Amino acid sequence: MTDHKAVGRTPRRRGFLRWLAAAAAAALTVGGLPTAAAETGDDGVTTTLTIAESQPVDSLSPFLAQRVVSTSIHRLMYDYLTNYAPETNAAVPGLAESWQTSADELTWTYTLRDDATWSDGEPVTAQDVVWTLTTMMTDEAAATANGNFVTNFEKVTAVDKRTVEIQLSQPQATMLALDIPILPEHIWSDVEDFATFNNDTDFPIVGNGPFILTDYQPNQSITLEANPDYWRGAPKFDRLVFRYFNDQDAMVEALRTGAVSFVAGLTPAQADALRGEGDITVNAANGKRFQAFTINPGATTVDGEEFGDGHPALADRVVRRAIVRAIDKEALVDRVFGGYAEAADGYIPSRYSDYHFEPEADERLGFDPRAANAMLDEAGYTRGDDGIRVSPEGERLSFRLHVHNNQPENVQAARFMTEWLADIGIEIRGRYVDPGVVSDALHAGEYDLIFTGWLVNPDPDYVLGIHTCDALPTEPGAMRSDAYFCDEEYDRLYAQQLAEYDPATRAELIQRMQRILYQEAVVNVLTYPDMLEAYRSDHIAAIQVQPEPGGNIAHQDGYWSWWSAAPAEGLTSESGPSTVLIVGITICSLLVVTGTALVVRHRRATAEDRE
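Heads up: the sequence shown is residues -37 to -1, 1 to 574, going by mature numbering (1 follows the signal peptide of the UniProt record, and there is no 0).
Simulated from the structure, these hints should not be mistaken for lab results.
This one's a predicted model, so the numbers in the text were calculated from it and none came from an experiment.
Heads up, some of the hints might be wrong.
[As the list claims (entries may be wrong)] Using C-beta positions, here's what the derived DEER-type ranges look like:
1. Gly239 <-> Gly533: 44 to 50 Å
2. Asp212 <-> Arg378: 15 to 21 Å
3. Ser361 <-> Pro56: 39 to 45 Å
4. Asp349 <-> Arg475: 27 to 33 Å
5. Asp454 <-> Pro56: 32 to 38 Å
6. Ala197 <-> Gly329: 49 to 55 Å
Using N, Cα and C, we set each Cβ at its ideal position, and we do this for glycine too.
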């Protein structure tokens, strides 16, 4: 993905800032509770569920989008062939009401439901599925986000209006977990360049999901209206509004005042503070995301071209493993997450028990500074007069650590890591910067250590695929991976697990892949943070978590949550979110952070932003 340029030129920007300050002042004069939770229309009350959001959309095109907020919204806009059961995460019908596979497991046949329509009234047909998948198979740009799902596809055909046949080159275990939004051919076939089309110019956007996207204001809001003709039944809320904030405390305050109905990504302190407050429910879900840092082993393209300026000592596995041994993960759980996390080693969170990996005792790189020092001593990394080690080639072990300055848990963890690594003679120079700067450093290969994190789907194929050799960039700046990792044995196991239909055998292969990641110490998982969320129970009477019990509400699982959410009884225009107040809080948080030099930019997605 490429950076979007800053909006506005200097004269307009001055005018915009004057308007911004005035709007902020006006918003803050609004007294009492907000007044726009529900709007009265010709046919009665329109209930609106307002969700606080901090992550900007990277693209509204399902061919390009990789950020969590974008892919979550696509689940609301478009149907997928299958879905995940909200209680168990097992595959359940979506646009396809049934499916079958041939004896050789190379031909999959999906029967589409006959009651699915596009929001412009056109029927959803097998040809829409054929067009979507074939476009991804034949156009490199259309394969940007989800191309790994169609790598083994030989041919996709429409047997009739309701029947789709997919022929594979080899068995593929993800055929009931194809996280690909199906698009309307009669709309998208007119697009000339999938690499540049962001699907954000013509509203309402034609879809076939439970909601229809009717408005998008970059870095301000996303509005979706309930689809009354959705085959599963219309959502209970009439409207969803995602409102942007760049300050987590402002989100929490908006929840307290009723300016928003839902907030995710709470810090432990915020979650504790909200517990017991009237009309607010806190949900602490088992983690499906991992917090990690990657070590630059030497950035290369898929053809072996070296680039970037990673420290040469980090190509040495001994140094990478010693770094891991110097970090106290249990202390991070207690001191950073206040107990709302799990110390972690494996790439797949323990929430997914079948795929979860834990190293054996004799291979564990547990917290042991003495062992880490011994490893470095034996490898010839001697301490200089200042206590910092020097490589056999004379390079000081002084490493940059890029940290997202909007991720409090990463900022705190980085400070502890700086202290712990000093104990083994490694100097850390923290770069606490905007997520876009982190992203730029990653794509340029100009980093040493860098924080990362991914949300993991019930089927982990995608996050495993980003560490194959094929995920390396074709040229600097065009990567799909986030670690410049390439290992032939890992690739071999990846191909095996993708072709393995037996669940137990596939799980064993996936655990072996994680063992390689763990032992090579390029991708280093620290914790599985709990997913801390809160919502106003005077706005939302009931909402589905996934899985149940112990599941979460937001992000990919938002399909079930937002479709099922029921308005609280008596929700009226006097009791819910105020658009004016929300905008005021957002504006004020922007002014506090950026002063009078506000420049809004879209940045390319970082690993922290993705699924």
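Hint by hint, here is what the structure shows:
1. Gly239 <-> Gly533: 44 to 50 Å: Hint violated: Cβ distance 23 Å, outside 44 to 50 Å.
2. Asp212 <-> Arg378: 15 to 21 Å: holds, 20 Å
3. Ser361 <-> Pro56: 39 to 45 Å: violated, 56 Å
4. Asp349 <-> Arg475: 27 to 33 Å: violated, 42 Å
5. Asp454 <-> Pro56: 32 to 38 Å: holds, 33 Å
6. Ala197 <-> Gly329: 49 to 55 Å: holds, 52 Å
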